[in-house]
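Please dock the two separately framed chains into a single complex, following the hints provided.
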Amino acid sequence: MKSWIAFWNILMKDMRNYYLKPPNISWGLVFPVAWTLMFFLKSQTAIDVRELLPGVMSLSILFGTTSMLAVTMTFERRSRSFERLLLAPLDLNFLMLAKTSGAILFGLLNAFVPVLFAFFLTNLSGIRWLPVLGAVFLIAVTSTLLGLFIAVSVKEIFEAQTFSNFFRFPMIFLCGLFIPLQALPFFLRPLSYILPLTYGADILKSSINQNGQMGLPVNFVILLGFAVGLFALSIRNVKRKWIY
Amino acid sequence: MDIVEVNQLTKKYGDLTAVDRVSLSVHEGEIFGFLGPNGAGKTTTINLLTGLARATSGAARISGFDCAREIKKAQAIMGIVPDESNLYEEFDGFENLSFCAALYGMQKDEREKKAKELLQQFGLAEAGKRPFRAYSRGMKRKLTIAAGIIHDPKILFLDEPTTGIDVASARQIRQLIQNLNQKGTTIFITTHYIEEAERLCKRIAFIVSGKIVRIGPLEELMREVQQENVVQLAFADGVSNLKTSLQEDFPDVVIEVPSNQTIRFRSTRQLNLTPLMRFFEQRNLPVYEARIMRPSLEEVFVKITGIELEKMKQEKEGKGK
Chain D
289 MKSWIAFWNI LMKDMRNYYL KPPNISWGLV FPVAWTLMFF LKSQTAIDVR ELLPGVMSLS
349 ILFGTTSMLA VTMTFERRSR SFERLLLAPL DLNFLMLAKT SGAILFGLLN AFVPVLFAFF
409 LTNLSGIRWL PVLGAVFLIA VTSTLLGLFI AVSVKEIFEA QTFSNFFRFP MIFLCGLFIP
469 LQALPFFLRP LSYILPLTYG ADILKSSINQ NGQMGLPVNF VILLGFAVGL FALSIRNVKR
529 KWIY
Chain Z
113 MDIVEVNQLT KKYGDLTAVD RVSLSVHEGE IFGFLGPNGA GKTTTINLLT GLARATSGAA
173 RISGFDCARE IKKAQAIMGI VPDESNLYEE FDGFENLSFC AALYGMQKDE REKKAKELLQ
233 QFGLAEAGKR PFRAYSRGMK RKLTIAAGII HDPKILFLDE PTTGIDVASA RQIRQLIQNL
293 NQKGTTIFIT THYIEEAERL CKRIAFIVSG KIVRIGPLEE LMREVQQENV VQLAFADGVS
353 NLKTSLQEDF PDVVIEVPSN QTIRFRSTRQ LNLTPLMRFF EQRNLPVYEA RIMRPSLEEV
413 FVKITGIELE KMKQEKEGKG K
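Chains as they are written, first to last, in my numbering: chain D, 289 to 532; chain Z, 113 to 433.
Because the hints were derived from the structure by calculation, they are not lab data.
Remember, predicted model here, so these are calculated numbers, not experimental data.
Cβ atoms here follow ideal geometry from the backbone N, Cα and C, with glycine treated the same way.
Wrong hints could be hidden among the right ones.
[As the list claims (entries may be wrong)] Cβ pair distances, simulated, as ranges:
1) D/Phe454 / Z/Gln290: 49 to 59 Å
2) D/Ile531 / Z/Arg133: 14 to 24 Å
3) Z/Thr374 / D/Lys443: 53 to 63 Å
4) D/Leu308 / Z/Asp221: 20 to 30 Å
5) Z/Asp114 / D/Lys443: 52 to 62 Å
6) Z/Lys225 / D/Glu447: 34 to 44 Å
7) D/Val321 / Z/Arg166: 42 to 52 Å
8) D/Ser314 / Z/Lys225: 31 to 41 Å
9) Z/Lys184 / D/Lys309: 27 to 37 Å
10) Z/Asn341 / D/Lys527: 55 to 65 Å
11) D/Met300 / Z/Gln290: 29 to 39 Å
12) D/Glu447 / Z/Ser408: 41 to 51 Å
13) Z/Gly151 / D/Ala471: 50 to 60 Å
14) D/Ile460 / Z/Glu182: 20 to 30 Å
[What the hints assert, rightly or not] When the alpha-carbon atoms are kept at most 20 Å apart in a straight line, the in silico SDA-like pairs for lysine to any residue are as follows:
15) Z/Lys184 / D/Trp530
16) Z/Lys314 / Z/Glu117
17) D/Lys309 / Z/Glu201
Only chain Z is shown next, with the shape it has when bound in the complex (with noise of 0.2 Å):
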């Protein structure tokens, strides 16, 4: 069953199209990964779908409820965790996640719990009584999430939820990700991290300039640049020297030799290792180890958007958050 379905929505700013006819469902408990550059219109999509902006055409429902005329029923329902934390400073941890849970109707007892629940949960029990303006980044970016998610909502949209934290907290914040989507939380992610989305996202859509350009699931989409087939055995001594002669038993295999003790084999076709152990085992070369490469999606968002992942990640963080 589909929690989010959008169709054809589109967002005009003057002569600016931000959401350009963009269509797409997400699945109730899957971790669906948004992507695309800055200013590609994830944050603008999230806002239609939130609430906070409102459509030039087209539609979108969140379990059901139409995101432009029941918006207000299809908040109850959701979380949303927007890309800077913006919870208030003058409040302490508990009091903010308390304050959040009221905004849900919740009962003074229930958010209570709650709020100390959630702050042992997420690490943060002993900064629970500390003002919000004292937590790190990373900590402020996990009260974020927490409140979020106090009034159990069952999707959660995260926009950008790791950028410009530590390493640890980021790790950590994936867990939380992971953990919730576990627990039936369905997950509408935005990143520029594409070895986040690998790892997190079931399905994932690109979006540049505002349009959809891909969409599928994470093996689909993988499969679409897998154009040959790539396999790389390690050993424990020196093999470059073996090319030419591999090269000349296996002609229609591309030998590459990334290191003195690594040798990738590349075919358009499916590979057959056993000759090729053989070769090794003749020479009396114990394999060590072998891999079959597959491509990364950070190649399949290459590849698909053309945009080049480091000037992105560059872009984004250098917005000083």
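The following block holds chain D by itself, in its conformation from the complex (with noise of 0.2 Å):
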């Protein structure tokens, strides 16, 4: 019970500070319009909404977390607000599921405010909402964690917003949202197949379109075994470099 006290009080204290300030909420709602907009004037005719609906939903997911959680996790050590939290006597583990949940929340909400959109635009009928619903949390874990990741590699806050771009464009293009992993070099494939969006956006890709490639029970055990992996790397991370 203690330790769920703390969890509530370190998730509202990121909510509030850092993920539902103004500017945030903008960019929430700025990105997939902007991102519609973009394929709107590149194919010059009318758009298929629906067709874009997941890899606007990804992208919203994957720029939200990781360089959220990376940057306030970085601010958070740099003023050495994060001190205080090691000291509290919770479990490492409790403490970083708790940090991360913020980023988690922040990336669900991000992911829906397209569907939002879309829901005016498109008929959305026959979407398989539940596996929508895992996907999107699975993804927003793995970003986050990715967040995590990039937060125990740096020190400085631009540190952490150019380390986040180093792996986020790349992922654009290879996970398979907007050029099939077919299409892709040879040699770039190995890549894709280790990135965690690829997985989470096919199942979107599944869910909304039925236009997947693998199938969603293989997703979902690979994106799931992505997350524990990487938390368990994130942890091992944490111990290695913040605590001396």
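This is how it looks when you write it as structure tokens:
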């Protein structure tokens, strides 16, 4: 019970101090609109909003969570307020879950902003919402943990932002959202398969447009494996680098 | 009973040995001073004891809990005030305290009540609703101490609690530390202000280059350097002209005249004041004050460590806190 009180208060603090700040809320709204507009301009004809939905949702989560967690953690490390959390009688796994929960929640909210827009622009019937929800959650978890991995590796906030982009931009083109995996050069394909976003995006494509490549169970198992693996790696890195 | 037991604690960063086989104990209910220059290993030792660093070798226990294997249990009974305030700039004073209490699992009603009490006790009641970033350095320090004790810890680690703050705030903080100690909290304090340690601490350890060079009760450390007895007498009239005749009458005593109205007597043996007083009485010179001069902790520190205090202070305060 005591740990849950701490968990809830850490989550609320992060939501209030970082994630629910007006610039971040506006980011969640502007990003999907900008992406949709970009594709509209590129196609120069009417676009299928539903076709774009998996990509915009995935990228909203990816861009929202990775840099947010990396930046907020680096900020708290620099101001030494993160030490306060490390000094609390909380299990490190539990503490890191509390710290990442805010970013995961922010990712979930970001993912459904494009859905809200799409609701007014296209017919959303036939979408399997349960796998969509599962995929959105796991993409948010893996992207957040990627942010944590970045946070542990850098010292300055600008480094966190730069490092985030180093991971994110290649992901956009390698995860199969906009360029099918089969269309990628042969030597790049292994890279696609080591990106968690590839599997999350495939679930979204299957569940929204029925055009995924791998089966849902395979995607979920692999994505879950990524989530557990990244969490274990992050905890190891935190212990190694932050508890000197 | 010892609340802190440290045995051969060592911390190495590559080739650098930051803490070198440190052994010490802190008795329950005392104020223990940990003194040393910059880079001596004070903060690293605190980090090892509080769980922010892992020891290369050796062991430490807080209230019986192993600092390596049971650090979370140990953290539940300790309060930590770092050398720089690390509260949340976005929160106000009340929210900061309430959040810190939540980290220890305190219920909402309980933590809000305690936060209000502490704001009152630390003279911050009016500033409770102001954002932390708007606080002065002294106020930030006080709130950080309040945050360190909100869960009623058995032991409080204070790292340089008065560095870089104004004299009035420093005095208030020293008073708060004494009050806390009187209520039963054990205090482990690091400071480079020797006079602060002398005023507050019952026992002291000097650490230099990661090694403890001396540890013991304050009086014991003082006695160690007190190799002679010194008495200073003060007069209303000028007495500097008496130095020669005094030296003739008391050849075994070293006579010094620090000012025209004071005379200092030094001897390796116990000083007999009766003949001295008679000497002045015969000359119709009333003695207004007789003071036994003891060495200060500063002298003890310099003698033991060979480090000049002024240099140490300048180094510390030059950090730009």
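Checked hints:
1. D/Phe454 / Z/Gln290: 49 to 59 Å: holds, 53 Å
2. D/Ile531 / Z/Arg133: 14 to 24 Å: holds, 21 Å
3. Z/Thr374 / D/Lys443: 53 to 63 Å: Holds: the Cβ-Cβ distance is about 57 Å, inside 53 to 63 Å.
4. D/Leu308 / Z/Asp221: 20 to 30 Å: About 25 Å separates the Cβ atoms of D/Leu308 and Z/Asp221, which means 20 to 30 Å holds.
5. Z/Asp114 / D/Lys443: 52 to 62 Å: The hinted range 52 to 62 Å is violated for Z/Asp114 and D/Lys443, with Cβ atoms some 38 Å apart.
6. Z/Lys225 / D/Glu447: 34 to 44 Å: holds, 42 Å
7. D/Val321 / Z/Arg166: 42 to 52 Å: holds, 48 Å
8. D/Ser314 / Z/Lys225: 31 to 41 Å: holds, 38 Å
9. Z/Lys184 / D/Lys309: 27 to 37 Å: Once the Cβ atoms are compared, 32 Å apart, the range 27 to 37 Å for D/Lys309 and Z/Lys184 holds.
10. Z/Asn341 / D/Lys527: 55 to 65 Å: holds, 57 Å
11. D/Met300 / Z/Gln290: 29 to 39 Å: At roughly 36 Å between Cβ atoms, Z/Gln290 and D/Met300 fall inside 29 to 39 Å, so the hint holds.
12. D/Glu447 / Z/Ser408: 41 to 51 Å: holds, 48 Å
13. Z/Gly151 / D/Ala471: 50 to 60 Å: holds, 59 Å
14. D/Ile460 / Z/Glu182: 20 to 30 Å: At roughly 46 Å between Cβ atoms, Z/Glu182 and D/Ile460 fall outside 20 to 30 Å, so the hint is violated.
15. Z/Lys184 / D/Trp530: holds, 16 Å
16. Z/Lys314 / Z/Glu117: holds, 17 Å
17. D/Lys309 / Z/Glu201: Satisfied, since the Cα-Cα distance of roughly 15 Å is no more than 20 Å.
Consistency with the previously given hints fails for numbers 5, 14, ordered from lowest to highest.
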